[in-house]
Amino acid sequence: MHLGIYTLQETLFESDIKQLTATTTVGEVTILDHHIPLVSVLQGPAVRLIDTLDKESIIKITSGFLEVREQGEVIILAERSQ
Amino acid sequence: MASAKAVKQRIRSVKNTAQITKAMEVVSATKMRRSQEFAIKARPYAVASLNLLRNLVAKTKELPGILERREVRKCYGLLVITSDKGLAGALNANVIRKAEAWVKARRINNEEFILVTVGKRARDYFEHKGVPIHKSFWGFGDMIELEDTLPVAEVLIQGFLNHTWDELSAVYTHFRTTLLQEAVVREVLPITEAGVREIVEGIVPEKGRYSKKEEENFSLAKYTYEYTYEPSPEVLLTALVPQLLRMHVHHMILESNASEHSARMVAMKNASDNAKELITDLTLTYNKARQASITRELSEITAGKEALESS
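These protein sequences, in sequence, are chains S and F.
Numbered per our numbering, the first sequence spans residues 1 to 82.
Numbered per our numbering, the second sequence spans residues 83 to 393.
Please keep in mind that the hints were generated in silico from the structure rather than gathered at the bench.
Glycine included, C-beta positions come from ideal geometry on N, C-alpha and C.
One or more of the hints may lead you astray.
Some, not all, of what chain F presents toward chain S, calculated at C-beta under 10 Å [stated by the list, open to error]:
no., residue
1, TYR127
2, VAL129
3, GLU308
4, TYR311
5, ARG328
Computed cross-link-like contacts, DMTMM-like style, restricted to lysine to aspartate or glutamate with a CA-CA straight-line distance of at most 20 Å [stated by the list, open to error]:
no., chain 1, residue 1, chain 2, residue 2
6, F, LYS113, S, GLU10
7, F, LYS123, S, GLU10
8, S, LYS60, F, GLU229
Turn these sequences into a full structure, and let the hints guide you.
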């Protein structure tokens, strides 16, 4: 699936990934391929993702919105304090 | 004819002016490029959040206060965005003219209205005219962050929720191309779908380096499937909508800023060109004056010599 993490200042991440774990206001979600369309509010401190080379990376955010679209497209509208 | 010395002095002063305008032109060109780049970077975020909003609005029955369309509109608000500094051609004059037209329309209909101003130009003008101002902001730099414009958005939201205004429009300079900026009036509050679409369309300059359209990626027609909402569409909307307005206000200020620099660049280029022309004219005048004095002196000498010889 394709993940894009955007803030107002810059694009933090934009690439294909295998797995994404994020904390929403109601708990932690892990998103894999073929996830149902979902909209949720995210909390900090970070989201964890595993890319297609099985490398794990952590991207810091303070808050944001998560949107999972039908064709494996994941968008995170993030805010982060400098 | 002016004396050669006086003309020479003028040439020097015009040259100085030309140097300053040239420098301002170059500075503005750089700043413009930067502020355009800045506006472009915010674009994926803007488009994605607007898409999300549209989708949420379609799915929600209970709209939060900020999306409410009020039947009875008692007071109208107008956000006027100008620059702090002048020397930018007709930029601020155009914005103020639009704002004046808006004020006039309210007066004719006997409607109450109040302004919120951004930039010293707007504040000075409307204060002088005695138009009611709710709040003034100024001193935004060129590299403004979202945090800097937050207070403006906060005031707009609070004013709407407190019924200080039941509808809010904004006049700002829409950056169309480097050579073309246009003062436009846009409805800001309540947030509507048409308004949202306008924002997306306005986010990118029409021509030039940053104008590439990636519409396929951000197509608005994709939302045919059902979403799961966590916690609920209402909660999401309440969080997203103010964020969206903040972004909108931020964007309008950014765009006005980019326009300011482009307008100044063009104005300064014209000034430099005029100065150059003036220098050419003055140099010609100076040379003529110099030649005239040489001719006069020569003829005096010749006359003196002839007078001596004939005596």
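Okay, the hints, checked on the actual structure:
1. Hint status for TYR127/F relative to chain S: holds, with the closest Cβ pair at about 4 Å, below 10 Å.
2. The beta carbon of VAL129/F is positioned within 10 Å of a beta carbon in chain S (closest approach about 9 Å), and the interface hint is therefore held.
3. The beta carbon of GLU308/F comes within 7 Å of a beta carbon in chain S, closer than 10 Å, and the hint placing it at the interface holds.
4. Nearest Cβ of chain S to the Cβ of TYR311/F: about 5 Å, under the 10 Å cut. The hint holds.
5. Taking 10 Å as the C-beta contact cut-off toward chain S, the hint placing ARG328/F at the interface holds, the least distance being around 9 Å.
6. Distance restraint check for LYS113/F and GLU10/S: the Cα-Cα separation of roughly 18 Å lies within the 20 Å cut-off, and the hinted pair is therefore satisfied.
7. A C-alpha spacing of about 6 Å is found between LYS123/F and GLU10/S, which places the hinted pair at or below 20 Å, so the restraint holds.
8. Between LYS60/S and GLU229/F the alpha-carbon distance is near 18 Å, which keeps this suggested pair within the 20 Å criterion.
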